[in-house]
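K.L.:
These protein sequences, in sequence, are chains A and B. Mapping to this note's numbering: the first sequence position 170 is 170, numbers consecutive. Adding 179 to a residue's 1-based position in the second sequence gives its number in this note's numbering.
Derived by calculation from the structure, the hints in this document are not laboratory data. Any given hint might turn out to be false.
[Unchecked claim] Subject to a maximum C-alpha distance of 30 angstroms in a straight line, what follows is the list of computed DSBU-like cross-link-like pairs (lysine-lysine):
| # | chain 1 | residue 1 | chain 2 | residue 2 |
| --- | --- | --- | --- | --- |
| 1 | A | Lys58 | A | Lys124 |
| 2 | B | Lys224 | A | Lys121 |
| 3 | A | Lys162 | A | Lys121 |
| 4 | A | Lys91 | A | Lys124 |
| 5 | A | Lys88 | B | Lys192 |
| 6 | A | Lys124 | B | Lys224 |
| 7 | B | Lys273 | A | Lys171 |
| 8 | A | Lys89 | B | Lys224 |
Nothing here was measured: the structure is a model prediction, and the numbers come from that model.
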Amino acid sequence: MGDKEILDKFRDAATKEHGFTLLVRKYQERLYWHIRRMVVDHDDANDVLQNAFIKIWKGMENFREEAQLYTWLYRIASNESITFLNSKKKKMAVPMDGVSNYLAQTLTTGNNFTGDEIQLKLQKAILELPDKQREVFNLRYYDEMPYEEMSEVLGTSVGALKASYHHAAKKVEEFLLNH
Amino acid sequence: MNSKNNIIIEELKEIAPRLADIQRVNPFSVPVHYFESLPDELMQKVQVGSDLLVLNSLKKDNGFDVPYNYFESLPGKILDRVREEDNKPSLLDKILNKAGFLLNPKYALASIALLAGIIFFMNRMNNNEVRIPTLASAEKQISVQDVSDYVSSNIDQFDEKSIVACVSNNELDNAPFPMKAIDTLTISNQNLIDINQIDDNTINEISM
Numbered sequence: 001m002g003d004k005e006i007l008d009k010f011r012d013a014a015t016k017e018h019g020f021t022l023l024v025r026k027y028q029e030r031l032y033w034h035i036r037r038m039v040v041d042h043d044d045a046n047d048v049l050q051n052a053f054i055k056i057w058k059g060m061e062n063f064r065e066e067a068q069l070y071t072w073l074y075r076i077a078s079n080e081s082i083t084f085l086n087s088k089k090k091k092m093a094v095p096m097d098g099v100s101n102y103l104a105q106t107l108t109t110g111n112n113f114t115g116d117e118i119q120l121k122l123q124k125a126i127l128e129l130p131d132k133q134r135e136v137f138n139l140r141y142y143d144e145m146p147y148e149e150m151s152e153v154l155g156t157s158v159g160a161l162k163a164s165y166h167h168a169a170k171k172v173e174e175f176l177l178n179h
Numbered sequence: 180m181n182s183k184n185n186i187i188i189e190e191l192k193e194i195a196p197r198l199a200d201i202q203r204v205n206p207f208s209v210p211v212h213y214f215e216s217l218p219d220e221l222m223q224k225v226q227v228g229s230d231l232l233v234l235n236s237l238k239k240d241n242g243f244d245v246p247y248n249y250f251e252s253l254p255g256k257i258l259d260r261v262r263e264e265d266n267k268p269s270l271l272d273k274i275l276n277k278a279g280f281l282l283n284p285k286y287a288l289a290s291i292a293l294l295a296g297i298i299f300f301m302n303r304m305n306n307n308e309v310r311i312p313t314l315a316s317a318e319k320q321i322s323v324q325d326v327s328d329y330v331s332s333n334i335d336q337f338d339e340k341s342i343v344a345c346v347s348n349n350e351l352d353n354a355p356f357p358m359k360a361i362d363t364l365t366i367s368n369q370n371l372i373d374i375n376q377i378d379d380n381t382i383n384e385i386s387m
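Could you build all of it, start to finish, from the sequences and the hints given here?
P.N.:
Laid out in structure tokens, this is it:
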């Protein structure tokens, strides 16, 4: 079902809940994986995803159709992920590398990681990146998002995103070669 | 492989060729049936949220009531209380009022006498607390015999020589205790003071 039909159903009081369920079914996996790559742990990803969808429910009536629905959804999911990571840093009272260490530990201690040794090393390399750069890398590398759409999601210029992705990929490559 | 994917792979090969060689797979997994159950779970949460929205939209009436015209009359009542507080005498005023009889001439003289007595008594108390004996008072209390006994039993020959070295012959003759018994022949001439070198003032001080 197209985004327009989903939005129409949501705006009709009689079909609002059905429209929302359709929206969740359509986008839940994409948003979940975007969040999961940022926060690593499944339970945390579940919490952040549900908070994001509740915000989407509350904000859908004000959504204007000039923007693409899915970039708007991604933006909310992205903001929720960064907010979660920031609050995690405050609670843990540790610097950035402390959080990346914590996330890297979560990779191996949790039972929801199925990758091999190379994949584990790749994830550790990605977790070494600063949050914003990591987000850019994930959106490009895993979600194959065009820079123009990424610009809408993150509110950053295309040029800056290209530079950010370039730096991120270089850092990941260096980590893989040196570890 | 679509064109978008090709563009991204070519871009990555230029930036990080080692990374581009790694197969892109999702290394994470989710609990079984997670995505099947998520929409219903979310719908339940959203419905609870909607109930809260309905609750918030209700008129916020707390269910309690106040007396008629309560809020209209409240500012005036508070102002009256404030004025009343301002007009209340202070603690200092109360003390001065209570102690006002002291200004009466009949009681003033008695009060001054009482105060002077207290000051005098406290002064005496202070003086009695620490009494340091002076040399003059000690001299009055110690007899010549006491000094003579002390010197005989506590001063050895060396001390005697030293004392003799500091005292003139005239003083030795007039000493109140038996200093003549000291063997002056054992004292060297160097230890003796040449009395001619002492000026008149020193002699007067010694003999006083």
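K.L.:
So, for every hint listed, does it hold in this structure?
P.N.:
Hint by hint, here is what the structure shows:
For a cut-off of 30 angstroms, the pair hint linking A/Lys58 to A/Lys124 is broken: about 36 angstroms separates their Cα positions. For the suggested pair B/Lys224 and A/Lys121, the alpha carbons sit about 37 angstroms apart, so the restraint of at most 30 angstroms is broken. This hinted pair checks out: A/Lys162 and A/Lys121 have alpha carbons roughly 24 angstroms apart, not beyond 30 angstroms. Using a Cα cut-off of 30 angstroms, the hinted pair A/Lys91 and A/Lys124 holds, with the two alpha carbons roughly 22 angstroms apart.
Restraint check for A/Lys88 and B/Lys192: the C-alpha separation of about 35 angstroms exceeds 30 angstroms, so the hint is violated. Distance hint between A/Lys124 and B/Lys224 is unfulfilled; the C-alpha atoms sit about 34 angstroms from each other, more than 30 angstroms. Taking the CA atoms of B/Lys273 and A/Lys171, the gap is about 82 angstroms. The hint is violated against a cut of 30 angstroms. Restraint check: the Cα-Cα separation between A/Lys89 and B/Lys224 comes to about 27 angstroms, which is no more than 30 angstroms; the hinted pair holds.
When each numbered hint is compared with the structure, violations occur for hints 1, 2, 5, 6 and 7.
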